[in-house]
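Visitor: First to last, the sequence lines map onto chains A and B. Mapping to the numbering used here: the first sequence position 257 is 257, numbers consecutive. Mapping to the numbering used here: the second sequence position 142 is 142, numbers consecutive.
Accuracy of the hints is not assured; some may be wrong.
What the hints assert, rightly or not - If you want a taste of the chain B side facing chain A, the calculated C-beta under 10 Å gives, among others:
#1 N57
#2 R62
#3 G65
#4 R66
#5 M76
#6 C77
#7 R83
#8 F126
#9 P130
#10 P132
Claimed, not checked - Stretch-level coverage of chain A by chain B, calculated; a stretch enters the list once three of its residues show a Cβ under 8 Å from a Cβ in chain B:
#11 211–224
#12 229–236
Hint data in this document are derived by calculation from the structure and do not stem from the laboratory. This structure is a prediction, so every number in the text was calculated from the model and none was measured. Every residue, glycine too, gets a C-beta built ideally from N, C-alpha and C.
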Amino acid sequence: MARSSVQSTIVFEVLRRLTTAAGITIILSVVAVIVSAVVAGPFTLVNAIVTGGMWALLAVGLSLVFGVMNIPNFAHGEFFMVGTLVSYLVFTPLHKYLRQNPSSVLSTVAPFAGIFAALLVGALLGVVVEKLIFFQLRRRSREQWVMNSFLLTVGLSVVMINGHQLLWGTNFKGIPRYWDVKPIDLFGVNISMDRAVALGLAVVTIAIFWFFLMRTRTGRAIRAVAQDETGAQMVGIDLNRIQVLTMALSSALAAMAGASLLFMFPSYPTVGLKPLYVAWYVVILVGLGNVAGATIGGFLVALLQTLTSYFIGVGWEDVVPTALIILILLFKPSGLFGSEVKGVWEQ
Amino acid sequence: MTAILEAKDIVKRFGGLVAVNRVSLTVNEGEIFGLIGPNGAGKTTFLNSIAGTFKPNAGVVRFLGRETTGFRSDVMCKLGMSRTFQISQPFPKLTALENVMVSAVFGNERGAVRDPEAWSRQMLDFVEFPMPPDTRADNLNTVQLKRLDLARALASKPKLLLLDELAAGLTTGELDDLMAIIRKIRDSGVTIVMVEHIMRVIMGLCDRIVVIHYGEKIAEGTPEEVAHDPKVAEAYLGEKYIL
Numbered sequence: 001m002a003r004s005s006v007q008s009t010i011v012f013e014v015l016r017r018l019t020t021a022a023g024i025t026i027i028l029s030v031v032a033v034i035v036s037a038v039v040a041g042p043f044t045l046v047n048a049i050v051t052g053g054m055w056a057l058l059a060v061g062l063s064l065v066f067g068v069m070n071i072p073n074f075a076h077g078e079f080f081m082v083g084t085l086v087s088y089l090v091f092t093p094l095h096k097y098l099r100q101n102p103s104s105v106l107s108t109v110a111p112f113a114g115i116f117a118a119l120l121v122g123a124l125l126g127v128v129v130e131k132l133i134f135f136q137l138r139r140r141s142r143e144q145w146v147m148n149s150f151l152l153t154v155g156l157s158v159v160m161i162n163g164h165q166l167l168w169g170t171n172f173k174g175i176p177r178y179w180d181v182k183p184i185d186l187f188g189v190n191i192s193m194d195r196a197v198a199l200g201l202a203v204v205t206i207a208i209f210w211f212f213l214m215r216t217r218t219g220r221a222i223r224a225v226a227q228d229e230t231g232a233q234m235v236g237i238d239l240n241r242i243q244v245l246t247m248a249l250s251s252a253l254a255a256m257a258g259a260s261l262l263f264m265f266p267s268y269p270t271v272g273l274k275p276l277y278v279a280w281y282v283v284i285l286v287g288l289g290n291v292a293g294a295t296i297g298g299f300l301v302a303l304l305q306t307l308t309s310y311f312i313g314v315g316w317e318d319v320v321p322t323a324l325i326i327l328i329l330l331f332k333p334s335g336l337f338g339s340e341v342k343g344v345w346e347q
Numbered sequence: 001m002t003a004i005l006e007a008k009d010i011v012k013r014f015g016g017l018v019a020v021n022r023v024s025l026t027v028n029e030g031e032i033f034g035l036i037g038p039n040g041a042g043k044t045t046f047l048n049s050i051a052g053t054f055k056p057n058a059g060v061v062r063f064l065g066r067e068t069t070g071f072r073s074d075v076m077c078k079l080g081m082s083r084t085f086q087i088s089q090p091f092p093k094l095t096a097l098e099n100v101m102v103s104a105v106f107g108n109e110r111g112a113v114r115d116p117e118a119w120s121r122q123m124l125d126f127v128e129f130p131m132p133p134d135t136r137a138d139n140l141n142t143v144q145l146k147r148l149d150l151a152r153a154l155a156s157k158p159k160l161l162l163l164d165e166l167a168a169g170l171t172t173g174e175l176d177d178l179m180a181i182i183r184k185i186r187d188s189g190v191t192i193v194m195v196e197h198i199m200r201v202i203m204g205l206c207d208r209i210v211v212i213h214y215g216e217k218i219a220e221g222t223p224e225e226v227a228h229d230p231k232v233a234e235a236y237l238g239e240k241y242i243l
């Protein structure tokens with residue numbers, strides 16, 4: 001008796017969740033996935049998942065910085081650019097060396113060296129940016145913080161783009177592929193090794209990141225700061241440390257995304273703009289500061305883009321998500337997962 | 001009696017406005033120390049200068065025998081100085097229990113509290129928190145939030161507790177309960193410094209009082225002495241009868 005009533009409440013709760021904006025979106029996307037897989041072939045799906053992982057990495061970082069530090073970071077794409085550049089600068093000489101002295105072990109590991117270097121440089125750059133820019137602004141004035149920090153990030157973006165142009169020029173610095181091996185066959189679709197690794201890296205990173213945020217002491221401190229800065233500091237959390245860490249994490253994730261997508265995005269000064277826009281689509285779509293939603297949102301936007309470019313035409317894939325964002329902001333300004341999913345995540 | 005907190009010639013300026021001007025005081029271990037004064041006298045600013053919310057422009061703060069001038073509030077919390085705010089600062093999306101647990105975990109050295117959940121429950125019981133511990137903080141009213149603040153401040157095992165207008169907005173019956181709890185906290189070995197407007201609470205609880213007016217200390221002594229100080233009466237002017 002009691003058990004059946006518990007079960008019926010669970011059923012009711014699931015039904016209620018499914019009929020919210022978030023639930024409907026997820027159902028619709030699952031339907032879209034099935035339809036597209038049947039109509040267009042499974043490769044659309046694979047494409048969507050691979051790019052989705054990367055958008056998720058970018059959006060998670062963007063969302064975290066907004067949630068914890070209240071900075072709308074419009075220089076986020078430039079960390080992506082730095083990632084592509086660092087990986088290129090590390091990987092190309094290694095690759096050249098390997099041409100002359102072939103070694104199967106080293107050629108498997110070399111791309112990871114590039115990606116790892118990008119991760120480190122990204123984190124370091126995050127620390128420098130926080131210490132040199134946001135910390136200084138915070139110390140001087142907290143008035144109009146969101147607007148002022150926004151302007152700073154735009155300025156930073158311009159400086160980084162032109163810095164790249166000054167030092168490395170505007171030409172494309174790309175590679176055809178990281179791994180010179182046969183593509184993997186999955187459900188009759190050929191996935192290049194590069195894509196498979198990019199997806200694997202994204203999934204593993206997001207999993208580690210999630211564990212870090214939910215289960216570790218420092219992760220809990222980050223979430224406390226996101227809820228109330230003064231309160232967090234009052235109970236003994238070192239605010240400066242958390243802010244440096246958040247910025248470092250966010251930019252490291254962006255740089256890593258850039259590095260592992262170098263085969264798709266050759267490095268040039270403004271390569272970060274498109275990823276920046278996409279990350280913002282995702283963040284607005286799911287609600288500002290919602291880290292869990294950003295993960296799902298990354299895959300949703302990638303799916304939307306893949307379907308648009310397949311069914312409507314290449315070149316439309318930025319139009320449809322933007323139009324969707326206008327609709328969402330009109331009817332649900334808090335974002336798709338504004339309240340529901342976030343509540344679940346925070347339990 | 002040994003001094004737990006010494007503040008010497010604290011000055012805090014906001015631009016041209018001198019909010020606190022050369023205020024000195026000494027708080028002894030185990031006492032309840034009151035800080036009173038008319039609105040805008042600089043009581044909260046003084047508290048903030050001690051607790052690390054901001055740096056004083058001049059002066060020296062000594063806490064537990066070591067100099068702590070200008071230490072950040074998270075450092076002060078770890079050293080054993082907790083506080084509550086005039087306006088509560090809970091984590092809105094956590095439950096009451098979780099709010100206290102955050103303090104139990106981060107306010108103490110790593111691993112100092114073996115079972116944060118049990119310890120936090122104990123703290124909520126101690127302040128007689130009137131709601132179920134799993135109530136979300138954004139569903140609490142002012143009275144409940146003040147109790148939560150108190151529990152949270154206690155969870156970091158403070159040696160000195162700063163209370164900023166904890167009694168503001170409470171009814172007479174609620175005041176008596178709160179006073180009993182504050183006495184209980186003192187009896188458990190925590191020294192208390194309280195900023196308060198309600199004279200009944202101040203007169204009923206405090207061992208010693210300092211009166212601040214326009215940022216300057218104008219009187220110090222037992223409640224009796226302060227109440228009969230002509231300078232204090234003058235500061236409060238029409239409010240003389242309250243004392």
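Visitor: All hints are to be evaluated individually against the structure, with a verdict given for each.
Guide: Here is how each hint holds up against the structure:
no.	hint	in the structure
1	N57	16 Å, violated
2	R62	20 Å, violated
3	G65	21 Å, violated
4	R66	18 Å, violated
5	M76	9 Å, holds
6	C77	4 Å, holds
7	R83	7 Å, holds
8	F126	17 Å, violated
9	P130	21 Å, violated
10	P132	16 Å, violated
11	211–224	holds (count 4)
12	229–236	holds (count 7)
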